[in-house]
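Residue numbers (the working numbering), protein chains in the order written: chain E, 660 to 911; chain V, 38 to 97.
In case anyone wonders, no lab produced these hints; they're calculated from the structure. Check the hints yourself; a few may be wrong.
[Stated by the list, open to error] DEER-style ranges, computed between Cβ atoms: (1) E:R697 with V:K75: 47 to 57 Å; (2) V:V63 with E:A731: 19 to 29 Å; (3) E:E893 with V:E65: 52 to 62 Å; (4) V:V63 with E:R697: 20 to 30 Å.
Glycine included, C-beta positions come from ideal geometry on N, C-alpha and C.
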Amino acid sequence: MTDYLSLAKILIEIGILWFVYYGILLFARGTRGVYILRGVILITLIFVITRQLGFDRINWIFTKIFALSILAFLIIFQQEIRRGLANIGQRRWSRFFLKESEIISEITTTCFLLSKKKIGALIAIEREMRLENYIESGIEIDAKMNSELLITIFMPNTPLHDGGIIVAGERIAASGCLFPLTQNPKVLTTLGTRHRAALGLSEETDAIVVVVSEETGGVSVAIGGRLTHDLDRESLERVLSNLYRPDKKDRK
Amino acid sequence: MNNWMTNNFWIKIVSLVLAVITWFYVNEELIKEKNMVKQLYKTSTIRQIQNPSYNKKPVK
């Protein structure tokens, strides 16, 4: 009985540590912190290996570097850490109360209104991976989602219409954001910059990127480096509701 | 369930490995600490048995 209890304790402790590490890695994935985090993980692994092999002097050096790198991490990324801690209280939990269908409906309405008028649009929807880097490249908006605002942003000859919009949770996080262009040589040369940017972002992150073509008015979706062309309203709604919250099926 | 497993699969694996390493490292440190305390207790007890005046403040 005591054995089972201590085993359960160990598993719970490892589970807690796993949860914390997963949260940190997930948070750092979309920010500049990922590079320094990689360094810290590498130093930790070397530290553990040298310790196990009994290389005392090397271990001593790495212990010192490890202590310094944690300090450096805290100083250099204090802004990100502050933002992350603030997000624990705000964003993650607000997702449970999100009116998902309303957001999907607003995005779909926007895309098809813009499609009718042949106005180009690029909308990235954040999922598990954070898009902080890309939000920083644009102009922060942080406004409640509504189709009127989205349409206004994409109106030609306005200051914010260039670049893409990022939707994070139930809010429009930023507009005029720069997305990486795909480097995939297999991508058709007929595709414009907007579609290439959509593909590029979907290759590097898990975001869903919706594109409205300026030339044809066609609505496409890029997910995981794949582009699906010329969707109708129903298909777009279906794709968005299936992918917007991947844990949806599990919770039923 | 399958979705949960495949989403960010490598991040989950890396974080699990780190969690296990951290647990073993901290466990080892705790055992060391306990042993050290035991050792200190033992030596002070032995010294007290050998020399009863050890650790006693001199009476003025």
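Comparing the hints with the structure gives:
Separated by about 40 Å at the C-beta atoms, R697 (chain E) and K75 (chain V) break the suggested range of 47 to 57 Å. Under the hint 19 to 29 Å, the C-beta atoms of V63 (chain V) and A731 (chain E), about 22 Å apart, fit the expected range. Remark: the range hint 52 to 62 Å for E893 (chain E) to E65 (chain V) is upheld by a beta-carbon distance near 59 Å. At roughly 22 Å, the beta-carbon separation of V63 (chain V) and R697 (chain E) lies within the given 20 to 30 Å, and the hint holds.
When each numbered hint is compared with the structure, a violation occurs for hint 1 only.
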